[in-house]
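Chain by chain, the residues run as shown.
Protein chains: 4
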Amino acid sequence: MALDSEQLADIEAIRTQSAPTRRATVPALEDMLYTALPVLDHGFVRVIDYMGDDGAVVQAARVSYGRGTRKVSEDAGLIRYLMRHRHSTPFEMCEIKYHVKLPIFVARQWIRHRTANVNEISARYSILDREFYLPAPENLAAQSSINRQGRGEVIEGDEAQRVLDLLRDDSMRTYANYVDLLNENPDGTPADPSRPGLARELARMNLTLNTYTQWYWKTDLHNLLHFLSLRADSHAQYEIRVYAEAMLKTVEAWVPACYAAFRDFRLGAVTFSAPMLAILRRMLAGETVTQPDSGLSKREWAEFQAVIAATDVSPLG
Amino acid sequence: MALDSEQLADIEAIRTQSAPTRRATVPALEDMLYTALPVLDHGFVRVIDYMGDDGAVVQAARVSYGRGTRKVSEDAGLIRYLMRHRHSTPFEMCEIKYHVKLPIFVARQWIRHRTANVNEISARYSILDREFYLPAPENLAAQSSINRQGRGEVIEGDEAQRVLDLLRDDSMRTYANYVDLLNENPDGTPADPSRPGLARELARMNLTLNTYTQWYWKTDLHNLLHFLSLRADSHAQYEIRVYAEAMLKTVEAWVPACYAAFRDFRLGAVTFSAPMLAILRRMLAGETVTQPDSGLSKREWAEFQAVIAATDVSPLG
Amino acid sequence: MALDSEQLADIEAIRTQSAPTRRATVPALEDMLYTALPVLDHGFVRVIDYMGDDGAVVQAARVSYGRGTRKVSEDAGLIRYLMRHRHSTPFEMCEIKYHVKLPIFVARQWIRHRTANVNEISARYSILDREFYLPAPENLAAQSSINRQGRGEVIEGDEAQRVLDLLRDDSMRTYANYVDLLNENPDGTPADPSRPGLARELARMNLTLNTYTQWYWKTDLHNLLHFLSLRADSHAQYEIRVYAEAMLKTVEAWVPACYAAFRDFRLGAVTFSAPMLAILRRMLAGETVTQPDSGLSKREWAEFQAVIAATDVSPLG
Amino acid sequence: MALDSEQLADIEAIRTQSAPTRRATVPALEDMLYTALPVLDHGFVRVIDYMGDDGAVVQAARVSYGRGTRKVSEDAGLIRYLMRHRHSTPFEMCEIKYHVKLPIFVARQWIRHRTANVNEISARYSILDREFYLPAPENLAAQSSINRQGRGEVIEGDEAQRVLDLLRDDSMRTYANYVDLLNENPDGTPADPSRPGLARELARMNLTLNTYTQWYWKTDLHNLLHFLSLRADSHAQYEIRVYAEAMLKTVEAWVPACYAAFRDFRLGAVTFSAPMLAILRRMLAGETVTQPDSGLSKREWAEFQAVIAATDVSPLG
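Protein chains in written order, with this note's numbering: chain A, 114 to 430; chain B, 114 to 430; chain C, 114 to 430; chain D, 114 to 430.
No lab work stands behind these hints: they were computed from the structure. Hints are not guaranteed to be accurate.
Because identical chains share one entry, a pair is satisfied inside a single copy or across any pair of copies.
Unchecked claim - Derived lysine to any residue pairs resembling SDA-like cross-links, with alpha carbons at most 25 angstroms apart:
hint: 1; residue 1: LYS411; residue 2: GLY190
hint: 2; residue 1: LYS411; residue 2: VAL383
hint: 3; residue 1: LYS362; residue 2: ALA349
hint: 4; residue 1: LYS184; residue 2: GLU365
hint: 5; residue 1: LYS411; residue 2: LEU397
hint: 6; residue 1: LYS411; residue 2: ALA373
hint: 7; residue 1: LYS362; residue 2: GLN130
hint: 8; residue 1: LYS411; residue 2: ALA189
hint: 9; residue 1: LYS411; residue 2: ILE421
hint: 10; residue 1: LYS411; residue 2: ARG394
hint: 11; residue 1: LYS362; residue 2: GLU143
hint: 12; residue 1: LYS184; residue 2: GLU416
hint: 13; residue 1: LYS362; residue 2: ASP300
For clarity, every value in this text was computed on a predicted model and none was experimentally measured.
Extracted from the complex, chain A is given alone in its bound form (with noise of 0.2 angstroms):
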């Protein structure tokens, strides 16, 4: 489990708390505020404050004096046009900070993202939780064969049993010397007062990259779509995927009309090059293209075929 006694003891005590505010609300987020969705086996992601909903992008849009809004349909409607023009200004008016708790090789992917603010725990200063991540059976998978980046099948058996100890075994035995080499009881004095304990910011390094670490992270509204569209793509590692996956979910509660327009003009569709186009039109005039004379490389075009013949391209299913 992700949260211990106190943690959820803390959580419950501030979800209790409440304040009227003059602010736009929005009750469905409202009821997800500060509680934490469990993602992989000890990681999670926690909204703890947002700033806008909707409306805030049309009021921005509009640079209103009031809240800006009219009909819902209206303002949908509006919503989808900003969002198929990629004038991405008035979705940089919503905020959100979220507290993640991720393993150290899906914070190193997150963090290129550069376009948010981040306030991550730090191991100079303090000491890192005994927490790693191991994958479920399902998740452990196998080089894929055709793709340098990607899996393939999944390890079974015997098989999966020794990766994962192997895995475990190392995991555990680093954090124990890591442990070791700091000396430290959890008030700071020494465990074994005969030796002197590692600097923190030198015995982290004996930790393995599944390790757990944790941040507090703020972005925007369009830079999270931007995140989410790359990271909840079926081309994104399964570890930072179910992040994202999660994340949506948040999305869909705080800005329900953004996030339609987001599913309908990002996370469903697809581009196609000037010269796939042409294809294109070619065979909406039934003309039948074959790779050799259509001009694309093998590999564009099968990417081209994969497309159009899909039954559904959403990375989301």
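Chain A is already provided as a structure; the job is to place chains B, C and D on it using the hints.
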């Protein structure tokens, strides 16, 4: 007056709305919410939304599960420590959104601060209002004779009147011609059906730089304080400094502990270069140092003297 | 003409300088270096400096020790792959710096792109030149009757002359009054010693938005291409699109493989929403789809038809 | 040694290439170009490319047509002025690109600086080398007893050996198991054909945080100096400070005037808060001030004393 009765009614309507929230809430800023703080002759600053409070800074610094705050004095001490040691990321965890009405030449200075989100009213799409900035008599300043980008004496008497008349006449004439070029009634029909109206995106080029524009501007507390440290400074142009001063009042209401630390460690602080610091130590050791034996250029020496002799260097008095 | 003889001499002087370098160098761009490409009536775009070439993109994608390039066809294939799959970071490894002279109302659109470095000539410090944009007759367009932010028919004949006269007269009068307010000879002495000159930072407010300004503008290739995809688009205002088109020529000279991929996968590409994609599949399967049974709104249906029916959607034709 | 013979040959090959350019060129940096400056036991910093020089800063500040430089002393004076008054945009006009090899835990500190472009070697795609950081004996420090995120005494003798053995053993074991999990020969065939290899994107999680990674890192001079002011500071962790110090040498070779101004106004400078400044003035007026009557907290007083008493506050000695 900056607002017409319809706008005031929109603002009053939105101020009467209230909803319960679990989020951090700041009553002193709620009081100000949506209200226009007047700036210059037709401008204003309005807080439209905010996220977080003083506690959100310490909550993020501690990556905590609950509110994360302790005793008020302890939180304030942590905030001072973070500000002093330029740990900027916890301050990025608070966000604020303003609606600002400002002359275009001020908007052009303001927009250089790139770490903010902006939605400006579009003069391609809308017709700008007939409002332009004219300096109050006490702000009608001559060019400085010693500083190429500063102001000197106030211009008075007949010459002041001549300058103001000239500014007003040109603003009114160019605006009247803008309207003539547009050739549009408020309902979109042509004012003069015998001729076409010039495209809005072209007609706007006839406006002068003191015409008012409006935008929604959203940023995090760290970047806001950086903006204010530059724009509330005595070297900033008066016409942007008054906006910064109005915003400082909103910051004081919103995050009083951050604001106090900001006054001590930014607004009222002074940075001594390595050579200045060496001189300071000689002076503290009892030595009398003069410019020739200081090693400083005359200009740097003058700046150094100005700082150590001043009775108050705060740009805001 | 955009440049006076002293400026042309400065440019010629800098073009004669040459030095050996170990850096990646692009002869086709060296040929253009420092030369002003004319845009509009007094504007220009000049490449001032650049870093990297097509090879730098693949070198970074491969994190290599040497140049990192292989066969030209292999590199181009990798660049197409990166562009197609929106792997943007390798394109950020090339950088370019422009000197641009442009009307202020164009500068105000341009500056919304925040991921660039900018140094603009300061009208607080300097006196702006007497140069303002007047549209060529063929660009003097009426307001569109169907699109609130578009242009319609060209205005011709007497009315065109009337509009141009009006724009010219207002520009000349406001500039003449700007000079009168400044009351400065070129050497800084007062033109009329009997009265003070208005501070430059105030006098500038009397200028109209078609006055030319200048800046140094520097960005990386990824962000440049994003800028160009928006500003070379047919929906962009003509007066900024011509700058984008001039810059496209410099990109083609600089990084021809990236440019080719950009044309195929961005400029000439089209994104279909999830509902549009579903319709497309029905049509490819032989079904005749009409708007009522498409599920699309009339507006989205019209956009869809425009794309699949067009013989060329490239914004640059 | 950080580089193998093939890598050294690649570097030598690229260093022999030379081409004429019209761009600003810096011979002292050309000498260093591509060469690896060793850092830690297996790391390095290599300059891969650069744009601009000291002259480019003044050229941009003056928005000039030619090189824009005047006398060397005049340019240096302008650079000092810009640095002193925090006019940061001219420094953004120079750009530099590094190839860096560094332990993952250092990379995680480094990446917090978001205003840079990064391409990191991908462990989803590639297999990381068997190289991990082990501190030199003199850097094997105990936890500080007074500062929760600092180092104390050096650990010596048998205990030092025990710590190093433990770090080495865990690194070697986890790396060996990483190889075992991958089950790949260098040519991609399975090492043990009887079992599948674990996906690279999963196997990497077994590596420890002292494993070396590599990236291309590109930033502008302003943001580089900001990075260096934080990371060359005495409070920075030793393992990142040594990278900052190597980079300072490249900055000194590249832009000597900017570097000199940076040493005076940033690295060696000190900021006094408003209350400290008030005390300083009392002391300069001859008063003896003690902590109780200073108004400062004990902690702020101690920091104040440390600065005015020190004979050298430069973090680099």
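Is the C-alpha distance from LYS411 to GLY190 at most 25 angstroms within one copy, between copies, in both cases, or in neither?
-> So LYS411 and GLY190 pass the 25 angstroms test across copies only (12 angstroms; inside, 40 angstroms).
Check: Within a copy, between copies, both or neither: where do LYS184 and GLU365 come within 25 angstroms Cα-Cα?
Finding: within (20 angstroms within a copy, 37 angstroms between copies)
How would you label the pair LYS362, ASP300 (within, between, both, or neither) given a Cα cut-off of 25 angstroms? Classified as neither: same-chain Cα gap 40 angstroms, cross-chain 43 angstroms, threshold 25 angstroms.
One pair to classify: LYS411 and LEU397, alpha carbons no more than 25 angstroms apart. Within, between, both, or neither?
Both, since 21 angstroms and 21 angstroms are each at most 25 angstroms.
Checklist entry - Should LYS362 paired with GLU143 be assigned to within, between, both, or neither, using CA atoms and 25 angstroms as the limit? => result The answer is within: 13 angstroms in one copy meets 25 angstroms, while 29 angstroms across copies does not.
When no copy is specified for LYS411 and ALA189, does a C-alpha distance of 25 angstroms or less occur within a copy, between copies, both, or neither? between (41 angstroms within a copy, 15 angstroms between copies)
Q) For the identical chains here, do LYS411 and ILE421 meet the 25 angstroms Cα criterion within one copy, between copies, both, or neither? A) both (15 angstroms within a copy, 24 angstroms between copies)
**Prompt:** For the identical chains here, do LYS411 and VAL383 meet the 25 angstroms Cα criterion within one copy, between copies, both, or neither?
**Reply:** For LYS411 and VAL383, both the intra-copy (19 angstroms) and inter-copy (21 angstroms) Cα distances are at most 25 angstroms.
My question is about LYS411 and ARG394: at a cut-off of 25 angstroms on alpha-carbon distance, are they close within one copy, between copies, both, or neither?
For LYS411 and ARG394, both the intra-copy (19 angstroms) and inter-copy (21 angstroms) Cα distances are at most 25 angstroms.
Q.
Treating 25 angstroms as the Cα threshold, decide for LYS184 and GLU416: within, between, both or neither.
A. between (41 angstroms within a copy, 24 angstroms between copies)
**Q.** Intra- versus inter-subunit Cα pairing at 25 angstroms for LYS411 with ALA373
**A.** Answer is between; shortest inter-copy Cα gap is 18 angstroms, intra-copy 34 angstroms.
Within, between, both or neither: LYS362, ALA349 at alpha-carbon 25 angstroms:
within (18 angstroms within a copy, 35 angstroms between copies)
Hint 13 alone, counting from the list given before, is not met by this structure.
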